[in-house]
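Student: The primary structure of each chain is shown beneath.
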Amino acid sequence: MAEVKYLSEHYSKPEYRSLDGYKKHGGYEMLAKALKMEPQKIIDEVKASGLRGRGGAGFSTGMKWGFLPNNGEPRYLLCNADESEPGTFKDRVMMEKAPHQLIEGMLIAAFAVKSHKAYIYIRGEYMGPAAILEKAIAEAKAAGLIGKNILGSGFDCDLDLYLGAGAYICGEETGLISSLEGYKGQPKLKPPFPAVQGYLKKPTIVNNVETLAAVVNIIRDGGQGYRKYGTEKSAGTKLFSISGNVNKPGTYEVPLGYKMIDLINIECGGLKPGRKLKAVVPGGSSAPVLTAEEAERATLDYECLAGMGSMLGSGAIIVIDDSNCMVDVLSTITHFYHHESCGQCTPCREGTGWIEKIIHSIIHGHAKPGDIDMLLKIADNMKGRTICALSDAAALPVLSFVTKFRDEFEYFIKEKKSKVRGGQIYAQLHH
Amino acid sequence: MFKLSEEGLKYVKSELTRYETKQSAIIRSLYRAQDENGGWVNHDVISHLSEVMEIPAAQIEEVATFYTMFNQKPVGKYHIQVCCTLTCGMMGGRELCDAMMKEAGCKEMGDVSADGMFTFSKVECLGSCDTAPMLQINRDPYTENLNMEKGLQLVRDLRARGKGH
Amino acid sequence: MHSSTTNVPMVKIQVNGQEVEVKEGSTIIEAFYQNKIDIAHYCWHPGLSVAGVCRLCMVEIEGNPRLQIACNTTVTPGMRVSNVSEKVKDAVKWGLDFHLINHPLDCPICDQAGECGLQDQYMKYGRNDSKMGEAKVKKHKVVDLGPRVVLDSERCILCSRCVRFCDEVPKTSELGIFNRGDRAEVGTFDGKPLTNKYSTNVVDICPVGALTSRDFRFRQRVWFLKDKETICTGCSTGCNVKAYYNKEGVFRVKPVYNAAVNGHWMCDDGRDIYKFVNRENRLIDAKLVSGGKTEHMQPMELAKRLGATLKGQGASVALVLTGSHSVEEYEAIVSYFKNDVGTTQIYHWINNPDTIDSFDGILIRGDKNPNTKGLIEVLAKNGVSTQWKSLTDSIGTGAVKTVVVAGPENQALFPDMKVKISELSKAAKLVWMTAGKNSELESLTGDVALLPLKTYVEKPGTFVNHAGLRQKTQPVTSIVPGALSLVEAVQLFRGEELVAKPVQEGEKPNEIGKGRVHNEFTLTRGVW
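Going down the list, the sequences are from chains A, B and C.
With my numbering applied, the first sequence corresponds to residues 1 to 431, in that order.
With my numbering applied, the second sequence corresponds to residues 1 to 165, in that order.
With my numbering applied, the third sequence corresponds to residues 1 to 528, in that order.
Just so you know, the hints here were simulated from the structure itself, not pulled from any lab data.
Worth double-checking, as some hints may not be accurate.
Here are the simulated DSS-like pairs of lysine-lysine, each with C-alpha atoms no more than 25 Å apart in a straight line [stated by the list, open to error]: (1) C:Lys171 to A:Lys202; (2) B:Lys107 to C:Lys131; (3) A:Lys135 to B:Lys10; (4) C:Lys141 to A:Lys383; (5) B:Lys73 to C:Lys141; (6) A:Lys228 to A:Lys5; (7) A:Lys404 to A:Lys417; (8) C:Lys131 to A:Lys368; (9) C:Lys338 to C:Lys293; (10) C:Lys311 to C:Lys401; (11) A:Lys148 to A:Lys114.
In isolation and in its complexed conformation, chain A is listed as follows (with noise of 0.2 Å):
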């Protein structure tokens, strides 16, 4: 089975960004009917639906609803809409062309759940879906989908948009709930969980823009419907991201399960002539690197990448072909995670750096055999030593790259240049 379009199945018709072109394809007809559900049933519907968070940690949605305590206090819907995993776009992309569909599961969630009140955080940087869901707010508010008793069904709900400022650690749900609160983006203590005590310390569910808009579709086919697609474990559909040396890079849904060298070959048209593959980051920068041997078997779900040690995280795929310099590659990687640790812990502040300037080293020609080494020891000790998965995923590649490809390290230390690109690449050739 090759591509579908069942979450994205009316993202070509420019019209659908509108509340009457949504409309007109069956939009909030779910929230219709969902209001009329008991809340129960619908988290029973979406645990039965078998979805899994598609922001990168893949936990059941259903079960993380099923947190919440029955104390009476206020809970609060976030939708996390902060992507910033790099290789990821497809949030951008829902958002852009269907801003309703988010809101539409938005508020279906926030019925379920019991909220009243649901925001949006997105990334400051995305300046161009942010109006287009400012519009789409305002339209819903003003055809009271969202605010006081939503279509006469006596739930209240307000939606709201809050923008980032340029954060990678805010698409961490503690983070983006400092955020939220108007503090830097750090990540908070677990536990407690946000379940428990997140946005103002009270009971909040953070979900991603993609989860949050299949809901949608579980009330329109079911929990059992929605797995039509997909595997037992890793249920329904995927948007993936796909970017690098492709002839055709863009935003995919397949079925969960799907080959990942099909999407590659088929979807996105393969790669450039005469190019071989070299490896592929399955999903955003932070999964460990595969081969292209591990591509060539991936399937995507959660349960193949993780068997690959890797993971299938936000669904962003990276596709590296023979041209590219896998030191240079990592360069670029680690400096993100240098630049964006939000520097609360030590191990991942003090590693970030570190782990950057030895590839630095590397790549200047000052480094000592023993770096590789070092490499591996630094990153494996930032790993489970930190508030958040920052130091993780800043840890991972490192091993991932340097294991996997750890000639093109060696070669670079002893020669003091690429084994690739004839040698020179852009960091050595700027610095």
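Put chains B and C on the given structure of chain A with help from the hints.
Tutor: Showing chains B and C alone in chain A's frame:
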């Protein structure tokens, strides 16, 4: 001393009541103040916001220095932020940035060109990897699917447009 | 009065194979702390919220494959915890390495050396060469954070204790951590001075040499100082403190934890109190001016001579007392004047009548005396009840011919010092016993006797604080050898010989701060 315009003050006041807590108004208020201060945030701006918003200045400064979209130094009329992470790095974003910067007459990253038109920054993933290399000018919607030629032309076009104003 | 609450249910857990009891709901690090078991940590502080950022208090919990931080993990009954396993030791060693790679390692010129958390942990877990060959991150050095605190950002480990302190204790929020990642630096907005009344506490709780005290820096290496516990006499709160001294005098004081008095903190004014005890600010000589003739002599000698002239003089002698002295001293001198001199003309000099009942809600009280309660108690017990006005009236009429003043100990806390000198020197004879030097007193020309007294660090005594808590202190050190306590002065007045009782190490432990638990950051910061 920096002071928000009357409109700006009204905006900040409305942001203060928009969210569950007034603290949440800091980011949007900083954007507004940055726009009114010629594209960057200095201590004057933060002092003023602290007074208007009744929030300790150190807390606003923490926010202003944590998020990269608040400029801590003056920037040119066009702040060109070229994505250089991973895919954009692989697809020539870094080389593009250097070439455009040279064309614009900026010596270093973060400098303002002599004509006041340009500042260049290499930024982290902007979430548009399928259109690499790409960039963002100020806080406008993205400029995508670039190559060296298009990038240099963009600098020339912006310079002409900037002078026209 | 005791801080430990006995009603909280206890939980048994195993720490490093040893069974310990800990209050239900405690975190693992509190279990270590309450049982005085070593655990590496920088950001956790018992008086502040949990940050969980230094990642040093790693523990292995049986059944959990991942190491956990002790400061954010709650104990459960039967939990088995270790921080001595190889896995933990390796993690802490690496945690320390991460702290040190960008640290300047400038111990020889760092004021914190000798009481630095980095040094302490290095001796336990490190002892290896710096692994990073690359250039360190450059940050701001010798940053002026106002009148009391100096910042060196390169030494800072961003534990955020100081920021949390300002947010949570004085609630002034002047400090922030600006920028992010390894570019992050602590500071005040726009370099504004850190002027809250409790600012020096940030120096105490800084586990490294990033925040140092402007008053103390470079004056002494800490290993040349001894320390003893006493109280602060700056106001009626009676904060428990540790005085750091050597033979040259006292160099600084730091708060000592006492839940019933001051918690973990003390105010900045209290930090300066020690200055008046040092020799350069003290009245050294005993002096007798009589009939235009000035005699200098040993304090002991003067006390004996004064005793001979005071005995049996009755109501023509008045005694003025301040809230500076100990209960024992009040009892001795009031008894002497009542029984030996034969007068109940005993007056309480109140230095801050307008602000005496004020309180800042944290620690600072308007009664700038350590023992007003004790004085009132002793006067009441002896049936003394007088009004200041009757003293000045009696001096005016000549009914009172001799005024004996005991105190104040710290003249800086007595804004009306000058006024009182001029009022009281109208008496025919003035005997002034005080610890501090005072040029006005020393230039008085009538019949005047000046007798140097000891300060609170040189004598034992009991102080009753604003809440009625009795705190007994022991001498810390000797500064002016001949100076007397009021107890000793009374013995000499009575013609008794002083039993020499030199200040010694290892005297019976202080009775201040009963119920207090061990206070890591004022002893050896970063560890205990």
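Student: Compare the structure with each hint and give your call.
Tutor: The hints, checked one at a time:
Of the pairs offered as hints, the one joining Lys171 (chain C) and Lys202 (chain A) holds, with about 23 Å between alpha carbons and a cut-off of 25 Å not exceeded. At most 25 Å may separate the alpha-carbon atoms for a hinted pair to count; Lys107 (chain B) and Lys131 (chain C) exceed this at roughly 35 Å. In summary, the hint linking Lys135 (chain A) to Lys10 (chain B) is supported, as the alpha carbons are separated by about 21 Å, within the 25 Å threshold. Simply put, Lys141 (chain C) and Lys383 (chain A) have alpha-carbon atoms about 32 Å apart, too far for the 25 Å limit, and the pair is violated.
Between the alpha carbons of Lys73 (chain B) and Lys141 (chain C) the distance comes to roughly 22 Å, so the proposed pair stays at or under 25 Å and holds. Between Lys228 (chain A) and Lys5 (chain A) the alpha-carbon distance is near 13 Å, which keeps this suggested pair within the 25 Å criterion. Of the pairs offered as hints, the one joining Lys404 (chain A) and Lys417 (chain A) holds, with about 19 Å between alpha carbons and a cut-off of 25 Å not exceeded. With a CA separation close to 12 Å, the supplied pair Lys131 (chain C) and Lys368 (chain A) stays within the 25 Å bound.
The suggested pairing of Lys338 (chain C) with Lys293 (chain C) is violated, with an alpha-carbon distance near 30 Å, which exceeds 25 Å. Taken as a hint, the Lys311 (chain C) and Lys401 (chain C) pair is honoured in the structure, with Cα atoms around 14 Å apart against an allowance of 25 Å. Straight-line distance between C-alpha atoms of Lys148 (chain A) and Lys114 (chain A) comes to about 14 Å, which keeps the hinted pair within the 25 Å bound.
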